[in-house]
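As you go down the protein sequences, you meet chains A and B in turn. Quick note: the first sequence uses the working numbering, first residue 79, plus one each step. Quick note: the second sequence uses the working numbering, first residue 256, plus one each step.
These aren't lab readings, by the way, just hints derived from the structure by calculation. Here the structure is a predicted model, which is why all the values come from computation and not from measurement. Using N, Cα and C, we set each Cβ at its ideal position, and we do this for glycine too. One or more of the hints may lead you astray.
As a list, the in silico DSS-like pairs of lysine-lysine whose alpha-carbon atoms are at most 27 Å apart [said to hold, decoys possible]:
id, chain 1, residue 1, chain 2, residue 2
1, A, 259, A, 285
2, B, 370, A, 137
3, B, 338, A, 106
Derived contacts from chain B toward chain A, CB cut-off under 8 Å, selection only [unchecked claim]:
id, residue
4, 295
5, 301
6, 315
7, 318
8, 630
9, 715
What follows is the residue order along each chain.
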Amino acid sequence: MNILESLDELKKEAQRQNLEFDAIAEEKFETGLELFKGKVIQTEVASSTGVGIRVIKNKRCGFSFTEKLSAETVKEMINNAVENAQVSDETELETASAFSLPEKELEIYNEELEKVDLNYLKNMALEIEENAYNENSLIKNIPHLGMGKSFKKTYVLNSQGVFFEKKSNAISGGLSVYAEKNGSAKSGYYVRGGRKTDIFIASEIAKEAVARAVDLLEAKPVKSGKYPVVFSNRTASRLFSMFLSSFFAENVQKGQSRLAGKLGQKTAVDNLSLISDPHLINGAGSTLFDDEGTIAEKLYLIKDGTLESYLYNLESAAKENRKSTGHGKRGYASQVSTGIWNILLEKSDAFIDDLLSSKDKCLYITELEGGAGCSQVSGEISIGAQGFLIEKGQKIRPVDEITLSANFFELLLNIEMISNSYSDDFSKVKIPDLLVQEIHVAG
Amino acid sequence: MNTNKAQNIIQAGLEAGADFSEIFIEETRSSSLSLKDGKVETAFSGISYGIGIRLLFNTEVLYAFTSNDDEEILISMVKELAKSREGSSLKTVHEISFKEALIDDIHLIRKDPAKTPLSNKLELIKRANISARETDSKIVQAAARAIDSVRHIKIFNSEGLSVSDSQTRCRFVVSATAANSSERFEASESPGELRGFEFFDHLNVEKCAREAAERALLMLDAGYIEGKKMPVILGNGFGGVIFHEACGHPLETEAIRRSASPFTGKLGQKIAHESLTAIDDGTIPNGWGSINIDDEGYPAQKTILIENGILKSYMSDKVGAIETNTPRTGSARRESFRFAPVSRMRNTYIAAGSHSVDNMLSSVDFGLFAKKMGGGSVDPATGEFNFAVSEGYIVKNGKIEKPVRGATLIGKGHEIMQKISMSGDDLEITAGTCGASSGWVPVTVGQPTIKVDEILVGGR
Chain A
79 MNILESLDEL KKEAQRQNLE FDAIAEEKFE TGLELFKGKV IQTEVASSTG
129 VGIRVIKNKR CGFSFTEKLS AETVKEMINN AVENAQVSDE TELETASAFS
179 LPEKELEIYN EELEKVDLNY LKNMALEIEE NAYNENSLIK NIPHLGMGKS
229 FKKTYVLNSQ GVFFEKKSNA ISGGLSVYAE KNGSAKSGYY VRGGRKTDIF
279 IASEIAKEAV ARAVDLLEAK PVKSGKYPVV FSNRTASRLF SMFLSSFFAE
329 NVQKGQSRLA GKLGQKTAVD NLSLISDPHL INGAGSTLFD DEGTIAEKLY
379 LIKDGTLESY LYNLESAAKE NRKSTGHGKR GYASQVSTGI WNILLEKSDA
429 FIDDLLSSKD KCLYITELEG GAGCSQVSGE ISIGAQGFLI EKGQKIRPVD
479 EITLSANFFE LLLNIEMISN SYSDDFSKVK IPDLLVQEIH VAG
Chain B
256 MNTNKAQNII QAGLEAGADF SEIFIEETRS SSLSLKDGKV ETAFSGISYG
306 IGIRLLFNTE VLYAFTSNDD EEILISMVKE LAKSREGSSL KTVHEISFKE
356 ALIDDIHLIR KDPAKTPLSN KLELIKRANI SARETDSKIV QAAARAIDSV
406 RHIKIFNSEG LSVSDSQTRC RFVVSATAAN SSERFEASES PGELRGFEFF
456 DHLNVEKCAR EAAERALLML DAGYIEGKKM PVILGNGFGG VIFHEACGHP
506 LETEAIRRSA SPFTGKLGQK IAHESLTAID DGTIPNGWGS INIDDEGYPA
556 QKTILIENGI LKSYMSDKVG AIETNTPRTG SARRESFRFA PVSRMRNTYI
606 AAGSHSVDNM LSSVDFGLFA KKMGGGSVDP ATGEFNFAVS EGYIVKNGKI
656 EKPVRGATLI GKGHEIMQKI SMSGDDLEIT AGTCGASSGW VPVTVGQPTI
706 KVDEILVGGR
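Let's have the full structure, built from the sequences with the hints guiding it.
Listed below in structure tokens is the structure:
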């Protein structure tokens, strides 16, 4: 049974049982390979499908999914969801009403990528590997080098007649290099992703990964104390990604966000605006509708430092008797939660060098380590970092084995400068380089 | 999948030139019931199903997966895989005959969670919610989740192996948020076992919930530690995450075969303090990270990694064992059919020593007692690691003093291993989930309380 047949079966059975429901189905094709020392060591070809449903019965929701597509398993899935609904508490949630999608081309599917095959990926991988070794003799190993292509088709439907579909594809290629000098060892990791084959320029990809390793060789800690810190656009994006769930209405409602009760209040410096823009052309997360079949439109989370809006899905919106902002997120194998499409912090006109030279001395952070010491609930940031010591705008030396200790919500009020550039990561979160007045650093 | 179909698919792989061909069939039924804000938040269940086909050309891996079990589609995927490879030549092969391997099931499962009424799980999460909230009026939020899964796997390979296993796991997750006027702090507990629903029958959910709540309250009022290098006493149980990240990952042949580990070529050499013995054991009865067979169908075993500081063994899968010229250890694991198996940890722990906690504390003038660790990560190539401390205390003149929050430990694994100078007599193992190239797999980490002479502690 193919995916469309299974959705017909789902509609038929749900109708027979007179159920209110919404559902999501996905079909995915992926190919990729991994290269090591001039040889392909792993090749992957994959196709997968799945259907997930939420039924609402007597005002109670139950979830279920299946990757096995047959009349029997679709029925079993629906029955499981009904059974799950019986133990759930009541909700005011109603499924989304049908509407016509705006006629906008988001360019999330590029036909050109259809011709990218394993052979093309292999040749590109070989070229990247060769370039990386030639780039610098300090590169002793390239433990990971992978290239891939993916295609995804998503269907969102419900018992009110919503039936939307979208397809998207992407390619990516990246590597992790290992550099060594005088007993000091560093890894450099870089992935380039996108929807056009012209992003694959082997020399550029190799050069960036090599620089990320080599530039940090022979790094040392700095003395513990308070420092002004410039977060590179890449690390700034990572930092914001960890705390965006504080903007989810469901977390605000459940007392899990420090942004509770702050609507209309100053939450960031005056020149900071944070935007959710699902309609970004060729954006990593661009879409016209969310996973619950609600329209997804642009909105400000923070405008000129003031908290403007939280992000809602159907359930959190129903709790406040308002409309969803189109941030309902689910995969077929997961429950509905809140999620992001594209989040952008508005750029200013300052160059990164302006940020680096605005203080006598600062730390320029280019790598953040694991986020286990960061809590979305408290805003606590305790994280290992690497980067450079900067004096009067000049790189003095690389820095590692330091930790930063701060609070995200206090940091929003301490951003002194915002740069004019985003990183080239194919990412849903785009934050420019940021200069933060002062952060506790342990080294 | 019947034997005939499996034969045809395996055969297609060999005919396309592969040296080895394998089919991995998985069907997992999972269920999760969660409560938050005093309400049942999600009641969820699912059927995961798919087939992974792996061809090996020497140690080159070609992998395909799909949820479609149509024979023609599976054979066409095999051909597509082989076609992608230059120099594959067609071979004539003899018919494969499978011999069903009997496995020694050492993990007793009494109650099938799928046959347990949802109302039983509902009661558990409600009890946890009450217990967490009753701990203190500053507990403003509690969440609880009861999760179970039954995973059936069947493996056929061109060496004639036909084997199947069933893995039933249950886990309970509870978290509590404490808040005062300006701050909020969340803490959680998440025990789990390779066991049927009887796991929940034996679990003291009230105690779990209370422990999470008490930690959230403690950390809410905690101060910060001044960040610098100092001796650290790492608490038993989840403290073992430091060994898991800093030493376990670099001992997987997946890292060794890429020379992406500080321990490459170090078998038989001293890599740690002589007081340290470490083990990765897939055979602990009903352990969260235990298995009967690994995801290549190889029997699980107990593997001594380090004995008295000497490196004894890596953890290996089929490909890793060939490439590093070491024996297989039954460590091939994958999250699901979506991943080719690679060497991974199972239940990894540092063996008990003879010191008491008091003994270790009294050797410290100023340091950190990291009673409970949070998560962490490591770059296996350089050994650089970082860990969060979720419950920590300042130690002064041999005594535990005030609690501290927001401490992070960073350093290099191979350097820290030389600095573990004392091991306690209180070994404990704790459930966790480990993410790597073959996805998320259940593992336990464990250790007795240990003393590390010096680690950089991040703070303010």
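Do the hints match the structure? See the list:
Restraint check for residue 259/A and residue 285/A: the C-alpha separation of about 18 Å stays at or below 27 Å, so the hint holds. At most 27 Å may separate the alpha-carbon atoms for a hinted pair to count; residue 370/B and residue 137/A meet this at roughly 26 Å. With a CA separation close to 21 Å, the supplied pair residue 338/B and residue 106/A stays within the 27 Å bound. For residue 295/B, the shortest C-beta to C-beta distance to chain A is roughly 5 Å, which falls under 8 Å, so the interface hint holds.
At its closest, the beta carbon of residue 301/B sits 4 Å from a beta carbon of chain A; the interface hint therefore holds under the 8 Å criterion. The interface hint given for residue 315/B holds, since its Cβ lies 6 Å from the closest Cβ of chain A, which is under the 8 Å cut-off. Because the smallest distance between the Cβ of residue 318/B and any Cβ of chain A comes to about 5 Å, under 8 Å, the interface hint for this residue holds. For residue 630/B, the interface hint holds, since its Cβ comes within 8 Å of a Cβ in chain A; the closest pair sits about 4 Å apart.
Hint on residue 715/B holds. Least Cβ distance to chain A is approximately 4 Å, under the 8 Å limit.
Taken one by one, the earlier hints all hold for this structure without exception.
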